[in-house]
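Undergrad: In case you want the letters, here they are:
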Amino acid sequence: MKTASPKEISIADLARLFMKHMPHGSDIGLQLMAPAADGKSRMRLPPQPFLSGDPGATFFFPGVLFSMADSACGMAVFHALGRYVPIATLDMRIDHLAPATMDSDLVAVAECYRMTKSIAFARCELLSGPQSKVSAIAVGTFMLSSSSIRISDAASFLGGKP
Amino acid sequence: MNGTNERSGTDALRMHQRIAATLEAIPYARHLGIRLIDPHESDEVAYHMPFDARRIGNPILPALHGGVVATFMQVVALSETYALLRDELLPKLVDFSIDYLSTAEPRDLFASCEIHRVGKRVAAVGIRCWQRTPNAPVALGRAHVFVAPSASDALCPPP
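Heads up: the protein sequence lines correspond to chains A and B, in order. Residues 1 to 162 (the working numbering) make up the first sequence, in order. Residues 163 to 321 (the working numbering) make up the second sequence, in order.
Just to be clear, a hint being listed does not mean it is correct.
As the list claims (entries may be wrong) - Computed, partial: chain B to chain A, Cβ under 10 Å:
hint : residue
1    : Arg217
2    : Asn220
3    : Ala225
4    : Val230
5    : Thr233
6    : Val256
7    : Thr265
8    : Ser312
Said to hold, decoys possible - One side of the interface only, derived from the structure: several residues of chain A facing chain B at Cβ under 10 Å:
hint : residue
9    : Phe18
10   : Pro23
11   : Gly25
12   : Phe50
13   : Pro55
14   : Ala57
15   : Thr58
16   : Ala88
17   : Asp91
18   : Met92
Said to hold, decoys possible - Sample of chain A residues lacking proximity to chain B, with all beta carbon distances greater than 12 Å (derived):
hint : residue
19   : Asp13
20   : Met33
21   : Ala36
22   : Ala37
23   : Asp38
24   : Ala80
25   : Arg114
26   : Thr116
27   : Leu144
Keep in mind that the hints were calculated from the coordinates and are not lab data. Every residue gets a Cβ at the ideal spot worked out from N, C-alpha and C, and that includes glycine.
I would like the entire structure built from these sequences, with the hints used as guidance.
TA: Below you can see the structure in the form of structure tokens.
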């Protein structure tokens, strides 16, 4: 068995690996953005006609924002943990404040605002349009798995180093 | 008696056609391959999303992405609400909430929905999503769908 030290692969590296190997993320073109000073997790999604909810491709379909919010919140929980713990979304709610127009990239900004031994609470803002207006707000809870898969094992499963 | 059955049969067919037209008009629903289950296969209106490896969110488990499950349920809620409306307006999602009851395995998804209430402006809809049997849902959802005219209608013609 490989006995790599957890220090070899950081949580940020694992996040990049996870994004790279997440088929749904690749399918819709989801991109992980560089970590910012505020510690929040950010993702970007460029518009493509098949992601729209209307025949004229004016607006993103709401489910696309949901996928982003789920992924970005999960990423925020990973970062808050600082180590690899498998997580599962328990529930998530999204409020659509305005339709998300397809004239610019969608941006998700997520943070984990409370962590207990077994539950993490996260929220996400989805920004759309040239003015980056808040189009939707999502709130979710995540279960932290009790199983202990090591970060190095998870990384090697995902194809080694980023 | 017979006449009533014929009429309800016609209504069901019309409902089926409207739902199918809505699914066709939503590019992302088409991308996911979401379809209405043939009325001959099922007594109730039910939806099907075939498995595709591109829908996986966790390659380690593996499991379908939670956002894909949620999207499928939103498509169901919006399409069925649209099919009930007399106005030719695309309904809009106000809010959506989901409980994940178990991991969505890498296999087909099914869903049905129940319209709890249709008001003048908002409809309350519940959605059930399952894989092996409807009695063991993988997720339950609820949505508020805006059904009145809104500012974005001008930009977004109905199907």
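Undergrad: Min Cβ distance, asparagine 220/B to chain A: is it shorter than 10 Å?
TA: Where the cut-off is 10 Å and the nearest Cβ of chain A is about 8 Å from asparagine 220/B, the hint holds.
Undergrad: Checking hints one by one. Is alanine 88/A an interface residue toward chain B, by the C-beta closer than 10 Å rule?
TA: Since chain B brings a Cβ to about 7 Å from alanine 88/A, closer than 10 Å, the hint holds.
Undergrad: Mind checking the CB of phenylalanine 50/A against every CB in chain B and telling me if the closest is under 10 Å?
TA: holds (4 Å)
Undergrad: Going by Cβ atoms only, is glycine 25/A closer than 10 Å to chain B?
TA: The hint holds - glycine 25/A has a Cβ within 10 Å of chain B, the shortest such distance being about 8 Å.
Undergrad: Is the interface hint satisfied for valine 256/B? The criterion is a beta-carbon contact with chain A at less than 10 Å.
TA: holds (6 Å)
Undergrad: Quick one, is the alanine 225/B hint okay against chain A at 10 Å, beta carbons?
TA: Since chain A brings a Cβ to about 9 Å from alanine 225/B, closer than 10 Å, the hint holds.
Undergrad: Decide, holds or violated, for the assertion that all CB atoms of chain B are farther than 12 Å from the CB of arginine 114/A.
TA: The claim holds: arginine 114/A sits with its nearest Cβ about 19 Å from chain B, beyond 12 Å.
Undergrad: Threonine 116/A: least C-beta distance to chain B exceeds 12 Å?
TA: The claim holds: threonine 116/A sits with its nearest Cβ about 18 Å from chain B, beyond 12 Å.
Undergrad: Taking the closest pair, is the beta carbon of alanine 80/A still more than 12 Å from chain B?
TA: Non-interface label on alanine 80/A holds, nearest chain B Cβ at 18 Å vs cutoff 12 Å.
Undergrad: Does the CB of serine 312/B sit less than 10 Å away from some CB of chain A?
TA: holds (9 Å)
Undergrad: Tell me if aspartate 91/A is really an interface residue toward chain B, meaning its C-beta lies closer than 10 Å to one of theirs.
TA: Result: holds, 5 Å to nearest chain B Cβ.
Undergrad: Could you let me know if the closest chain B CB is still more than 12 Å away from the CB of aspartate 38/A?
TA: holds (24 Å)
The structure meets every hint from the earlier list without exception.
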